[in-house]
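Chains as they are written, first to last, in my numbering: chain A, 1 to 320; chain B, 1 to 320.
What the hints contain is simulated information worked out from the structure, not anything from laboratory work.
One or more of the hints may lead you astray.
To be verified - Only some residues are given here: those of chain A computed to face chain B with a beta carbon under 8 angstroms:
id, residue
1, P92
2, F96
3, T97
4, Q144
5, P147
6, V148
7, V153
8, V156
9, A157
10, N160
11, M161
12, V164
We treat Cβ as the ideally placed atom computed from N, Cα and C, and that holds for glycine.
Number of protein chains: 2
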Amino acid sequence: MKKMIITGFSGFVSRHFLNYLVENNLEYDVLGLDVNPPKFELSEYEPALKMDFKIANLLDKEVVEDIIKEYRPDYILHLASFSSVAYSWQHPADCFTNNTNIFLNVTEALRNNNLLECRVLSVGSSEEYGNVTKEQLPLREDMQLFPVSPYAVARVAQENMAKVLADSFDMNIMLTRSFNHMGPFQDERFVIPSFIRRILDIRDAGKTAGEIETGDTTIIRDFVDVRDVVRAYYKLLTEGKSGEVYNICRGQGVALSEVIDIIADIVGVEVSTRVNPDFVRPGDNQIIIGSYDKIQADTGWESEIPLRQTLEDMVAHMSK
Amino acid sequence: MKKMIITGFSGFVSRHFLNYLVENNLEYDVLGLDVNPPKFELSEYEPALKMDFKIANLLDKEVVEDIIKEYRPDYILHLASFSSVAYSWQHPADCFTNNTNIFLNVTEALRNNNLLECRVLSVGSSEEYGNVTKEQLPLREDMQLFPVSPYAVARVAQENMAKVLADSFDMNIMLTRSFNHMGPFQDERFVIPSFIRRILDIRDAGKTAGEIETGDTTIIRDFVDVRDVVRAYYKLLTEGKSGEVYNICRGQGVALSEVIDIIADIVGVEVSTRVNPDFVRPGDNQIIIGSYDKIQADTGWESEIPLRQTLEDMVAHMSK
Chain A
1 MKKMIITGFS
11 GFVSRHFLNY
21 LVENNLEYDV
31 LGLDVNPPKF
41 ELSEYEPALK
51 MDFKIANLLD
61 KEVVEDIIKE
71 YRPDYILHLA
81 SFSSVAYSWQ
91 HPADCFTNNT
101 NIFLNVTEAL
111 RNNNLLECRV
121 LSVGSSEEYG
131 NVTKEQLPLR
141 EDMQLFPVSP
151 YAVARVAQEN
161 MAKVLADSFD
171 MNIMLTRSFN
181 HMGPFQDERF
191 VIPSFIRRIL
201 DIRDAGKTAG
211 EIETGDTTII
221 RDFVDVRDVV
231 RAYYKLLTEG
241 KSGEVYNICR
251 GQGVALSEVI
261 DIIADIVGVE
271 VSTRVNPDFV
281 RPGDNQIIIG
291 SYDKIQADTG
301 WESEIPLRQT
311 LEDMVAHMSK
Chain B
1 MKKMIITGFS
11 GFVSRHFLNY
21 LVENNLEYDV
31 LGLDVNPPKF
41 ELSEYEPALK
51 MDFKIANLLD
61 KEVVEDIIKE
71 YRPDYILHLA
81 SFSSVAYSWQ
91 HPADCFTNNT
101 NIFLNVTEAL
111 RNNNLLECRV
121 LSVGSSEEYG
131 NVTKEQLPLR
141 EDMQLFPVSP
151 YAVARVAQEN
161 MAKVLADSFD
171 MNIMLTRSFN
181 HMGPFQDERF
191 VIPSFIRRIL
201 DIRDAGKTAG
211 EIETGDTTII
221 RDFVDVRDVV
231 RAYYKLLTEG
241 KSGEVYNICR
251 GQGVALSEVI
261 DIIADIVGVE
271 VSTRVNPDFV
281 RPGDNQIIIG
291 SYDKIQADTG
301 WESEIPLRQT
311 LEDMVAHMSK
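All chains should be built: construct the whole structure from the sequences, respecting the hints.
If you want it as structure tokens, here you go:
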């Protein structure tokens with residue numbers, strides 16, 4: 001059985017990735033790593049998968065080295081990151097070094113243990129594109145990057161480093177620029193689950209209408225269902241070209257106001273919005289839409305789950 | 001008197017920068033920082049400059065914080081770096097994190113001590129451009145970067161981070177992409193001083209002709225005299241626009257073979273070359289030439305010292 005390490009194991013993406021493996025009868029020996037224990041039981045995925053989990057701080061080079069030396073993975077799904085743009089504004093240096101150091105600890109451990117054939121998926125972000133104009137849409141992988149947040153700079157650095165390791169050290173590293181993803185189990189601090197929670201609160205309070213505070217709801221994003229994202233991750237991990245970076249997106253933009261309208265319709269309440277200037281992020285792009293031509297060409301992937309379906313599933317999950 | 005910290009103080013660039021200050025009657029209170037003591041006496045620059053030096057490992061965040069808190073600099077000439085491309089191939093992670101962490105320790109210490117007005121020069125490299133085609137020459141600052149070594153990736157990351165700090169945290173950081181520089185006092189491990197040393201050895205052995213082993217001498221580089229470089233650094237530190245990156249180059253290419261011919265002519269011996277494949281760096285660009293239009297437009301700088309003059313001064317210095 002092939003061995004796979006999943007870093008950032010306790011996050012919501014990892015959980016969907018495990019679901020994907022099980023639903024598709026893909027058998028792996030999985031070792032999860034995270035600083036926090038998962039909120040689910042490993043037994044949920046057994047015996048379909050062979051499951052193990054270790055608490056591990058990937059900032060500790062020796063810990064990473066020991067684990068990789070002992071486990072000798074065939075695949076690494078590297079989800080671990082300090083992924084909050086907001087946090088990165090408060091702690092630019094920490095965000096930067098933590099993201100890149102974690103990645104380098106993993107790749108150096110592979111190099112030091114002659115595991116160059118191990119296939120690694122390095123996850124990046126649409127934030128890497130930075131300030132773009134409407135004329136440049138949809139965003140394509142070969143465009144020049146203008147990262148505008150410390151988080152985005154860290155992601156670009158990780159991507160550049162991954163490319164060098166792939167091109168010049170013969171490592172097998174595939175790279176993504178993942179666009180905004182959402183789905184069940186997502187933390188309610190993220191924008192869409194936070195909308196859903198507050199709209200559910202209106203209904204649960206017995207009202208048929210209410211108001212929520214938001215940031216700028218005219219901004220347009222390319223939202224993709226996390227279950228489509230993990231399918232892309234699996235395809236890239238097993239079939240992607242080393243050293244290549246792939247957008248993972250739906251290829252369609254939707255305004256946050258439209259997302260709110262759909263959620264309100266699903267929940268069955270009337271929702272009005274009021275902009276709280278504190279929630280508006282000044283450097284935010286007005287519109288982000290990606291092209292998925294490249295991943296489609298190389299792996300056949302495209303998103304499958306319609307936006308409304310994703311939102312219905314999230315509402316159902318959060319209504320429990 | 002304005003206070004200036006010079007990191008990487010014990011390197012050859014710093015020495016020329018101090019000379020520049022003294023020769024131009026520019027009075028500063030200078031604090032040098034380096035992991036190694038300088039090979040010159042501070043008194044060489046006194047009383048024209050107020051001089052102090054501390055052994056400091058800039059990787060140690062608290063050390064940096066303490067020094068900056070106490071000294072409260074008006075300027076920082078940030079020369080410290082792990083600047084060997086060769087070393088970066090052997091230790092990609094170390095090279096990367098050491099370069100970026102040092103820079104971030106300095107900038108975070110400034111932020112934490114409300115020294116946003118301090119003007120910082122962040123030194124980068126023409127290596128950041130990576131693989132370019134002849135059609136793209138001369139290299140201009142707004143071109144897309146394709147860093148191909150871990151060293152170059154680190155430099156790009158530092159530059160991107162510096163831009164974010166300048167644009168969004170109102171810090172005063174000017175950035176350079178410095179092309180190959182050379183001059184007296186340069187370490188003999190660098191390519192031009194190593195040529196000079198071996199050509200001097202031929203003469204000093206009493207011969208009129210000899211052979212030296214080289215890498216690929218057909219490669220073309222844009223060499224600039226370190227004394228021109230430090231003049232550019234001073235101009236950028238005092239007059240450059242924050243958040244802007246500037247090429248520092250002569251704007252002319254010269255083949256290594258031509259440099260060898262000039263040195264041989266100065267020394268007065270006949271030199272033939274033999275390529276040692278071990279010295280050829282596979283990823284090296286064939287030709288690198290920059291444009292200095294931007295720095296000239298913003299500060300009036302252009303290189304002044306002709307190539308032959310630089311080589312004559314280096315030969316004289318190394319003949320001592």
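Hint by hint, here is what the structure shows:
The beta carbon of A:P92 is positioned within 8 angstroms of a beta carbon in chain B (closest approach about 7 angstroms), and the interface hint is therefore held. The restraint placing A:F96 at the interface with chain B holds, with a minimum CB-CB distance near 6 angstroms, inside the 8 angstroms limit. At a threshold of 8 angstroms, the smallest CB-CB gap from A:T97 to chain B is about 6 angstroms, leaving the interface hint in force. The interface hint given for A:Q144 holds, since its Cβ lies 4 angstroms from the closest Cβ of chain B, which is under the 8 angstroms cut-off.
The criterion of a C-beta within 8 angstroms of any C-beta in chain B is met by A:P147, whose closest approach is roughly 6 angstroms, and the hint holds. The interface hint given for A:V148 is met, as the beta carbon of that residue sits about 6 angstroms from the closest beta carbon of chain B, less than 8 angstroms. A least Cβ separation of about 4 angstroms between A:V153 and chain B falls short of the 8 angstroms threshold, and the interface hint therefore holds. A least Cβ separation of about 6 angstroms between A:V156 and chain B falls short of the 8 angstroms threshold, and the interface hint therefore holds.
For A:A157, the interface hint holds, since its Cβ comes within 8 angstroms of a Cβ in chain B; the closest pair sits about 4 angstroms apart. With a least beta-carbon distance of about 4 angstroms to chain B, the hint placing A:N160 at the interface is held under the 8 angstroms criterion. The criterion of a C-beta within 8 angstroms of any C-beta in chain B is met by A:M161, whose closest approach is roughly 5 angstroms, and the hint holds. Restraint check, A:V164 versus chain B: the minimum CB separation of about 6 angstroms is within 8 angstroms; hint holds.
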